Every structure is written in C-alpha cells, then in structure tokens.
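Number of protein chains: 2
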Amino acid sequence: MKLFKSISILTLALFILTSCGSNLGSVVSNMTELKSAIDKAQPGDVIVMSNGIWKDAEIDFKAKGLVDKPIVLKAETPGQVFIEGQSFLKIAGHYLEVHDLYFRNGYTPINSVIQFKSDKENAAYDCKVVNCVIENFTQLDRRKKDHWVEFWGQRNQLLSCYIAGKSNNGPTVRAELEGNQHANCHHVIAHNYFGPRPRRGGPRGETMQLGDSYTSMVPAFIEVRDNFLDRCNGEVEVISSKSNYNQFINNVFYKCEGSLVLRHGNYATIDSNWFIGDDNSDNIGGVRVINTGHWITNNYFYNLKGNEFRSAIAVMNGIPKSPLNRYNQVTDVVIAHNSWVDCISPLQFSVGSNVNKSDVLPKSEIRSALPIRTTVANNIIYNSKTVSKAIVKYYDTPGDIDFKYNYVSGVEGVENIDGFINTEMNVSNGQSNVPFVQLADSNAKLFDGFDFSTINNDIFSNSRSANQAGAICAVKDAKYKVIDVDKYGPSWFVVSKGNANAKRVTVKSSEDLYASFEKANNGDTIIIDADILKLNKTIQVNKSVVLASSKKEQQVSLQFTSEENVPAFELGPGVDINLKHLIVEGSKTLTCFEPNHADMSIAANVFVDDCTLSGFNSIYRSKKGSFTDTVKVVNSVMKNLVNGFILHSETDDKGDYNAEFLILENNQVSDVENVFVDFYRGGYDESTIGGNFVFNNNTVERAGKSGSDEILLKTQGIVNVQVLNNTFSSVQSGFIARLWGEKNNVESGNTIQGKSKIVTDEFLTQKLLY
Amino acid sequence: MKLFKSISILTLALFILTSCGSNLGSVVSNMTELKSAIDKAQPGDVIVMSNGIWKDAEIDFKAKGLVDKPIVLKAETPGQVFIEGQSFLKIAGHYLEVHDLYFRNGYTPINSVIQFKSDKENAAYDCKVVNCVIENFTQLDRRKKDHWVEFWGQRNQLLSCYIAGKSNNGPTVRAELEGNQHANCHHVIAHNYFGPRPRRGGPRGETMQLGDSYTSMVPAFIEVRDNFLDRCNGEVEVISSKSNYNQFINNVFYKCEGSLVLRHGNYATIDSNWFIGDDNSDNIGGVRVINTGHWITNNYFYNLKGNEFRSAIAVMNGIPKSPLNRYNQVTDVVIAHNSWVDCISPLQFSVGSNVNKSDVLPKSEIRSALPIRTTVANNIIYNSKTVSKAIVKYYDTPGDIDFKYNYVSGVEGVENIDGFINTEMNVSNGQSNVPFVQLADSNAKLFDGFDFSTINNDIFSNSRSANQAGAICAVKDAKYKVIDVDKYGPSWFVVSKGNANAKRVTVKSSEDLYASFEKANNGDTIIIDADILKLNKTIQVNKSVVLASSKKEQQVSLQFTSEENVPAFELGPGVDINLKHLIVEGSKTLTCFEPNHADMSIAANVFVDDCTLSGFNSIYRSKKGSFTDTVKVVNSVMKNLVNGFILHSETDDKGDYNAEFLILENNQVSDVENVFVDFYRGGYDESTIGGNFVFNNNTVERAGKSGSDEILLKTQGIVNVQVLNNTFSSVQSGFIARLWGEKNNVESGNTIQGKSKIVTDEFLTQKLLY
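So the sequences go chain by chain: A and B.
So for the first sequence, the numbering used here puts the first residue at 834; every next one is plus one.
So for the second sequence, the numbering used here puts the first residue at 834; every next one is plus one.
One or more of the hints may lead you astray.
The list treats identical chains as one, so a pair stands whether inside a single copy or across any two.
As the list claims (entries may be wrong) - With a straight-line cut-off of 25 Å between C-alpha atoms, the simulated BS3-like cross-links for lysine-lysine are: (1) Lys1385 - Lys978; (2) Lys1154 - Lys1190; (3) Lys1278 - Lys953; (4) Lys1576 - Lys1226; (5) Lys978 - Lys1154; (6) Lys1384 - Lys1154; (7) Lys1154 - Lys1196; (8) Lys953 - Lys1237; (9) Lys1088 - Lys1226; (10) Lys1384 - Lys1336.
Quick caveat, the hints were computed from the structure, so don't treat them as lab data.
From a predicted model like this one, the values you see are computed outputs, not experimental measurements.
Given these sequences and hints, build the entire structure.
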C-alpha cells in the first residue's frame, strides 16, 4: 500500500512476462478496441487499457491463455485507469490476469462488479485479479443486492486488491459453488486490504461468503490468507464460511464488528490469524463455530470484549437432526495453541442454546444439541489486569469438551477448573500495540492429541520443534508489526487519509448559508454570525459539515418555513451533519432531518449538541431503504413536536432496520403529541445484533398519544435498548416503553410521575426469515 | 475359493515375511499363551494359533508393528483354526495382520465379531484382516444387534474373506466414523466373498453400512472393490453409503435383493460394477441415488426388473432443506458410460416423490425437491426383446436432467426423446451368462461433459482413448467370466454345496418317526408307511426334512394329541419342513407349526402340498422375534380351525415383521372361527419392502369372526398383497380384506357370496420410525 514501494515481485514478474511475451502490449482506448483485442487475444498477449476514465465499461474478458502464457489485461499506468459509471468486469476462460484497475464513482448494473464467469456455460479457471481497487462502488439504493467479487469456476485468485465501502445488500466477496464446474474450486483470496464496510442495518452484509447452505456439502478448499480486514462491520458475520475444507490463515481482523463464522460446511482450518478488538466495543468478535471437524490453531485474540455470538470463541449448540439451512451440532473440533490476551471470557460454549424458547419457536429452531468430541488444549489465556470472571462460559449444560493443559494468567480461581493451570507469563510489546504473551516456563507440559503433530508451526511460522502452549513459540522479531497496512492491497494505492481540504467559513445570511453548503468540502465548519436566519428551502447536505453558532452562549435561531413535506436538512450519502449551539425551528408539517431519496447508498449521520429543536413534525424520519449509522442528540431541548424520531420504514420484516444507533442523552423533551421514538426491526434473524437505542438522563414532560396501548418510546424488535435515569411526567401513552428482556433491553433509575409505565417482556413472538 | 488353488500371492508374501522376520512364529495353543504372546509382541513377530477349536475366545490383539515389520496373528493351518462359542477378535494399534481364522458355531458376546479397536482410546491403524471366514456366526435371537466386522481407526483392510449367513439385526460390515481418529479413514474392503444374507423381515439388514446420518459430513474415502456379493438379501440397502468420497469399484452384485444406496454423504464413485438380476425377481435393484456429486460410470446392469426404490438407477426426490437424517436433494450427479441390458425401465427419477401424501405425513417428510444439475450421457440401453415401455420413468415432473448421447436398441419410440438415439448394437456372450453389448458404430458421437476426461477406462480397464458409449469399449477376452466365485474369499475355503449325507428313510410307528427326526440329516426324506400315527408329543424339527406318505393316493393321518400350548411341529433355526400327502389333525389348543423359541437365529420355512390340516388352534403361529422366510400351503384342505396363520408378534412398530412370504394357493378353507390370516408390520420405514402375502385360487366357506369391523385376512402394514380369483361364501367378518392401495396391495377376480367385502384404502396413517 505504500505509495513509493519498491517494485513488487509481482510487478517484476509481469515486467519480465510482458518483455518476453509474444506481444508487448496492445494499447486500447475505448470499448470497441478493447472488445476487439479480447476477441483476438492469444496466449501470451497483453492488453493495455489506456489511462483515463472508462465510463459504463462492460468488460467481458473471455479468452484462453496457457499456464506459461497467460493473457493479461492491465492498466497503462497502475491506478490511472478508472472504471466508473455503470460498469463491470467478467472473466471467463483459462489463465487470464487482470491488473491495476480502479473501480470508483459508480456501481454495477448487473449482480457483480468482478465476476469470474461470462455466462452459465463459461466460467473462469486459473485466472487472477491483481492489484485492483473497488472503492465505494456501491448501489444508490442500499436494498439492491450485488456482490463485488463473485467467484465461479476453479483455481481463481484475488490478490493484493483494495476493496472498501460496500454499503448495500449482499456480501462483498462471494464464492458460488453450485455445479461440478465450480466445486473443488481451490480459489485463493490473499494479500488484500478489505477496507471499512459500514454497518448495514440488517443481514447480508458479509465481507466474504463462501457458498451457502445449499452447497454446504461441497468441497471448496478456498484459501483466505494474509489479508487485512479493517473494520468490516457489515454484519455479525465478517466471513461466513459455508462450504468444506476452507482455510483461513494469517489474516488480521482489525476491529471488525463481527466474527469469522463457520456457518455451514465442515473441516475448516483457522490458523495463525490475529483478531484485534477494542476496549470500548463488545461487538468485535472472534470465531464462531458450528458443524464438524474444524481446527482452530495458532490464533491470537487480543482485546475482544464480546459475549455470545460475538465472543472470542463461540461454540454453538446445534439443532438435533438439523434442517440443511440451520445449525448442525458441533463435533470433533480442535481448539489448540491459541492465545487469548485481555479477552476476559474468551471461551463460550452452547452459544445460541434456546431450549427456553420452545413456546415461541418451532421445534426445528430449538438448539439443544450440545457440542461434543471437542478438544481445547495447549492454549494460553492472559489478562493484564486480574479478573474474576469465568474463562469458560456455558449457555447450557457442558457438552463433551476435553480441556487439557490450558495455561492461565490473570484470572482468579483457575486452580479449581480441570484442564486449566495458573502459571506465570511474560509479555513483550510489539510495535503494533499488540503485546506478545508467552509462558515463562518454556518446558510446560502439553497435550499430545490425535494429529496434534500436524500443528508444526506457530503464528510466526516458527517450527514447533521446541513446542510451547499458545500461538507464539518464539518472538523472533520484537519489532514485528501486526497492524501494518502497507503489507496489503495494491502498492500503487494509498488509502485516503481524510479531509485535506477542510476549511472554516463564517456566514451572515441565508443566501451565504445555502452557498456555503453547496461549496462545502468534507470536514468544513460553517459558523453562523447572526441572530436569526429565515430559511425557505431545504438545506442539501452533500458533504460532512459542522454547523454552529459563533459562540456557545449566543445561540443562532434558524427558522425554517419551507413548503410542506420537505425536510429542513436533506442528507446525501455518507455525510455527517453536526449541529452545535443552534435553535432550529420548524412547522408541524416539516421534518428536521431526512435522507435524500435520490442516493441513499451510504449511511448519513446526525449529531446534535446543545441545540433547541422545536415545532417540527418530526426530528428525524427514515425512508424505505435508508440507513443511518448514528443519530445522536445530546444536551438539547426538543419541544412542541408532533413526533420525535421515526425509524420505522423497513416493514418487510426481513431483519432490516433504519439506524444502527439512536442516542438521546441529557435532553429536555416536552409537548410531543404523538410517539417520540418509533424504532422498528421486523423478522427474526441473528445476522444482525441491532439496532441500538440509548435514552439516558432525559426529562420528558407532556408527551405521547393518549391510549392504554400507546407507547411513547417504541422499539419493537430492536436488540439493544437502554432506558436509564430519566424523569417522565404527564405521559399520555399507556406505556413509556415495552422492552424485550431476552435481547439486552434494560431500564433502571427512571422516575415516572403518572400512570404510564415501562414493562419488560422476556420473549417476543417472531416471524422466521428462512 | 478353490480348495486346491496354487499358493496365492498373499500367502507367498506371508511365507517370505515369516521366513525372514525376527520371529519365525511362536505357536500358542490356549488363550493364556495367546494373551502373553500378544503382550510381548514386537515388530516383525508372528503369533501362530494352533489348529483346533478355540471356544469362547476373546482375543484382544493390541500391539504396535511397523510399516515394514507388521505383527501377524495367524492360523497354524489356514482353515484349521476354528473360533467358536462366544468369541470375538479386537484389533488395536499399528500395522497388525490377522490371517486364516474361521469363525463358526457361535456368536459374539459383544457388539461385533471383528472390531478394529480395543476400547475408546485404542483403535487400529494400518491393520489387515485377510483370508478369514465368518459363517453363520449369528445371534440366537435375531432381534439382538451386532456387526460382524466393525471398522474403526484409519487405513484398515478386510481382504479376501468369506462372510455369510448373518440373520440377526445389524449390518454385516459397519464403518464407524465418529471422531477425528476415525474420519478420513481410507479403509479398504476388497476381494471378499459376501455370501448369502437371508431376508431379515425388517430394517438394519445391510451387508455394508459406511457411517450414519450423524457422520454424513465425514470424509471417509472407503474403497469397496473387487468383491462378490451373492444374494445379500438382508434388506432394501445392500450397501448403505453414509459418508463422503467412498468408492465402489469392480464389485459383482449377484442377485442381491436390494441396491447400492448412496443414502447420506456425497461424491461417491461407483465405477465398473456388475449388477446382475433375475428374470423372475423385481426385488433386485441397482443404484439408488440421493445427495450431491456422485459419479456413476462404467457400470453394467443386467436383467434388473425392479421399479422405484429397486430400479436399476433410482434417482430420488429430496426434502427441501432436509433434516440431517432424511433426504437431501440430488444435485450434480454424473451417470455416464453405463450399460443397461434387459432392464426395460432402467432410469427412474424423482423416486420417492410423495407430495400426494401431505395429509398423512409431516411436512418434513415430503420429498418434493426434484433432482437438478444431473447429467446422463454416453450410456447404452439394450433390450434383447423389443419393449415399448419408457426408458425413463418420472415419479414427479422432470427435474433439471441433461440427457446427452444415450444410445438405445430394443425400445420403441426412442426417436421422440431428446438425448436418446436409436442405433444398432452387437452382442457377444461371455462365459458367465452375461452378454456383452456394444454399439455397432464404434465412432458414434459422445458428449464431452465437464471432467468427462477423467473417465479414462472402461469396465475392463481398457483405455478409453478409442472411446465408446456404454461400459465396454472393447471385449479383450470373450471368455471373461463375470460370475466366478473362485476369484473371491480365502483360497483355502470352499462354500458348502449342500446335503451330501441326505437319505431316505421309511417309518412305520410313532417311535420310529420321532427317532428319525432326531437322527435326521439335512435333506432327508421321511416316508410314513402306516394309516394312522398317534403322536402325543411335539416333533422337534432340527434339520430340513421332507415328510410324506408313501403314496400320493394314500394319505397317512397324523393325529396329534399332545398337551396344551405346545406345537405339533417345532422348527429349529434354518430348517425347511416340507409336508406332502398327509392328513394332520390337532386340537383346538394346539398349533400345527411354531418356531423354537430357544433358537430363532435363522429363519425356518414351512412348505405344505396336498395335505389336510384340521382341528388346530392355528396352523402357523409366530413368536416375538421369530422370522420365517416362507410359509407356503398349496393344494390343501384347511378346516375346523380357531385361527389360520398368525404372524403378528412384532408389535413394537419398528418396521419388523414375522414372515417374508405367506403363500396360500389352490386350497379349500372351511369352518374357521376367528381370523384366517393375521399378518402385521408396524412402523413406517422404507428399508423393507415386505412382507408378501399371496392368496390366490382358494375357496373359503364359513369363516371369520362375526362383527362389522372384523377382517378375515388381516394384512395391516404389509407391502405386497395379492388376493386373486378366490371364492368366498358365508364369511362372518365385515371385511374379507382391507388393502393398502399405495403399497402394491391388489385384488381381482374374487367371487363373494354374502355381505362381507374387500376394500382398498389408498393411504395408511403411519408411525414414523425416526
């Protein structure tokens, strides 16, 4: 990823190849020439796409190279060939390579951006995509489904690419395995940089999905190695392995809100990966285990705080004689020579046990089959601050798990647990803020399990001839950087570092204000130096800006009088709007914030601090298909409203919802005619653990629709809800809130004057998604 | 199998080994010595068991040989070491071999006769059982379950053995795959002679079962090759493959009443096998296909007349998102280069479709998922007599099946079916009554499917470089014997040829009669030269005998006056009793025929021709756990009875039943107080397609219990029932019969005088077995 990296081996190889080949490279500069060059391509040919923007490029690279004479399609200058608009690349045939293309400013008009087949009859074999970039090439409507890289055929490779910003429906990378032509595929996904994938607000947001339940019996042998996954937050499954014999080796999962999930299929190898969490997140997971025969070895789990589905190791309960698309029992799994550092309760078993839900779920959904014939041996568990929590957490009675020679430091009470041994450990700090932990006693006894001799290297590829517990046998290089983005993706590509052009502008009039929004760069701060601005049309927010009064003590008043049914602020894709020290006034037909329907491809966020929002029909209103990561209003007054926050557009009951976080803290709320919060998620699905609603330290007066069934804060189907330390008075609705006890909905410290109440229902009858 | 065959290569190898090894063979002659020798055994040792009978031998052969120095346990003289009584052989460790043992006259006291493990912790690796015999080593109670060869561990082999006569519950050979120590096992089952396995009257009568549904995801790689399977009739699955990547190569299935069934697991190879049927049986099947990715190539199907489950190729419908233990959809199957000769309707698809049974079965039982992505190409279909039946039979709408270049001779109307081509064929007759069929045009076009180049040999291992449709590319040796039992099993062993000592005796008194039964050899004929014999005790039938009057015209009268509740004839295991030209009289407390409760290990059969049976409580009465293959009464008078045939002891509803065939033809029946036939099978299971009841050309007068719900011929749950051309008068029961229309229950040509009736119910509400 370094801009001026020395020539990589691959580039060198390509150089030699192109120098020695039968064709030094025919340069093509439009689609007609490209098509013609592809049609005529012979083994050894190199087709060079001229620098510039290729708009609406539908490239069908169908040709037949040879093992020693591939046909190469490449950019004239790496990173200077931009594929934009409605474009895609199909690859079909044998021994083809594509290098150095940059997909941006557009989206695919078909179901994939790069697809390793041309049509039903023609797939790719032994083909490579190398050093390419797909950045924010996302559908305008996040509900529209596509895949950015779709594998078909056999022995294809995705190497050293940068892929980031997929906001819409569908896994980023998907391997298709239906049919003998696509089974036993041995694809390789290596040395790539998977940049941030935003939270999606629903399922189908995996970064990789390898097969599906219908092909869960297929031997795939897909190799995912040496990749960097950076905040791939799409959903609870960062990688969803759904086929057999896949290998996940030496990848870095950096603060990804989800897990590597062995969802279907068996006999995966998960070896020498780094799973790196964050002190402040319990959404970052490790490995979730379902099915049979997986080997999880030499992995390093650092600072993972999650539980259940998102624990460092989540071994699930199965459904007895499970239907094909549900949960097989865990059997014959080996978890050996891993290290858990500062993960507190890293080993969680019978995750997903739901025998207590037999009243609300059909029998074929009840996960009662305990994990069996599973070995947990030669691991180390280290906490830098001693904790008293259980290392092993069971959500059901313990299954048939064999714990042997697991070494522990920094946990109280270990001496009473079979298979765990308290011992001293040494810590050396690497350069990447990942401390390297090893046993002080390098001769500590190990378990010699069946086939354990095949675990012959440690996480640094050191030989285990001088064997030790945990992932690390020896730290050869104390300066080794675990987090080193320069090692991944195309050498010619540098990840944007933010808002180089951000500026601070001051406006005094309405016209100035509109103009400053039109000309804004990302990161601009717009200061209003006036007492009152009257605004008769919508402010289009197409860049991330901070809008504020010049002084905290002297709030400016923005008075919106625009016509009905348009918002005060309309939010374009991917923007943050940040309001500070303002009085924003509307009318009972106006919404304060709304996403722009024309492009809801990327989540827009709203932050309000120290403002007064009054007189609106609603403060935030979602649209069908819109998604906001965060709406956060703090230290503010909200009054004289019809409604508050309406996030209730995903009514298809497919597990989608309209916001990841709605956070309301330290506000004064009064005179709300109708519902103050309506936040909805329908459909039962475990791929998403959202949304999140925080309602803390607010005072609420004279709010809610009157009626015994009415609810002031509606959160039907929302998974994480906190209602803490608020004061409610004169609430007209029968309920302030109805919480879902089973799903992390909590309330406490609230003061209620009047009859309205908060109730908690433990279970919710749900509609199955599958 | 030849008695005086020249020394086989294996024996020679053993000779060299024992001559050169560190130990020429320590001879042991009792269990103490054997145990001691095993305990002390070192790599290269040979332990020789002395000739003679080893009774109640519990052999635990646990030792550790080396790849080039196995430890061998063998007979002093091949075939002269008999393991009898309650005995077993366990093998555990590495590189062990067992040679030339003969298991007979007994049964195992544990759950297996030969078991490739010693206990939970100790299994066998790289071990062999060679040239051994297990003959009739069956439990006394056929309900007791065991396996005769139980595979555990990895890379074990069963070679050149003879195994026959298992009558009790449980597969003959079973591979256990639970646990990583037993997965990826690569066992080999080769060159064995699997002798007749009798019909079992219920499920769990497989000759081989490789895994089960719980291990259906396990890669097994078991190789079953070059075996002869001779009338292995245990149940509808001769071989039940329930794991992945198993290979079935060059086996001969000779008149086995069942199929090679790909029950669970995927990617089996079925190559170059011979499936040989019989003109007179529609129970002999070929290959039944469930699941994904199987390759069925180069097989030769001759004279198979079965349909549905027992068709030459039965491709089943699956259950959508099937539970683990039920029926996955068929996908990605290749059926290529096979030959069907005189099989009439060899290709049957969507077998098991039961969408019409949604009223009587739960949804999770409904097989509605059609086979998809399946290729049927380059096969040949030949009928020696032209037929007009469909080659391809569909039990549902056709799925996604690709038919390509299948060549046909002897079928009308082929020109109208895509993928089938009428053509000329040549027939050359081999020595084994299997005609070898090939296309006349050796250059006929072939389909070049994905990976078809891997089908590089024909059934005779000829190269397919000069490729042809069908299993045979070239008949190198026209004298090649397909059915050649000398090629299989131990060279020292000869299969018993029957009743060398059979004699014909004449008796004149009751004492003589009892004595002649006591002294009988199998096959004896006992002629009674008297008018009347009075018999006051049970005749114990422990050998197969014919009992007859000296002249057809002059029937002897046998008058049984034995005490209550004992039978006239009590049948020992495996006997046939054959009565001709006799009058057999009993009392209303006596049963005429009954199995001997003390040993019901092997089915006993009853044949009655031209007799009068009168005055009995019942003619045949089963016991719990008893099984008779055939009870057949023809040309006889049956009168003055309380009941007729009571085969109603298997009331557990687990799919078991008490007789395979009850055949009553050309008889005169009169004055039966109660039920005449009560034949029962409870529990829904498809592993058995029985029993069979034939009731043709009889006259029945004054029979049946009076009552509108009473049934004279009760056949609840019995699968094949024929009631044809009988005359009924004065039947007191409301029904003569209630037939199960769906399951091959038919009636016609019956004349009924009076109100009693025969009705046919299409479906039966059944109790699920799993």
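Okay, the hints, checked on the actual structure:
{"no.": "1", "hint": "Lys1385 - Lys978", "in the structure": "neither (45 Å within a copy, 85 Å between copies)"}
{"no.": "2", "hint": "Lys1154 - Lys1190", "in the structure": "both (18 Å within a copy, 22 Å between copies)"}
{"no.": "3", "hint": "Lys1278 - Lys953", "in the structure": "between (55 Å within a copy, 24 Å between copies)"}
{"no.": "4", "hint": "Lys1576 - Lys1226", "in the structure": "within (18 Å within a copy, 53 Å between copies)"}
{"no.": "5", "hint": "Lys978 - Lys1154", "in the structure": "between (32 Å within a copy, 23 Å between copies)"}
{"no.": "6", "hint": "Lys1384 - Lys1154", "in the structure": "neither (66 Å within a copy, 63 Å between copies)"}
{"no.": "7", "hint": "Lys1154 - Lys1196", "in the structure": "both (11 Å within a copy, 15 Å between copies)"}
{"no.": "8", "hint": "Lys953 - Lys1237", "in the structure": "between (50 Å within a copy, 18 Å between copies)"}
{"no.": "9", "hint": "Lys1088 - Lys1226", "in the structure": "within (23 Å within a copy, 57 Å between copies)"}
{"no.": "10", "hint": "Lys1384 - Lys1336", "in the structure": "within (18 Å within a copy, 123 Å between copies)"}
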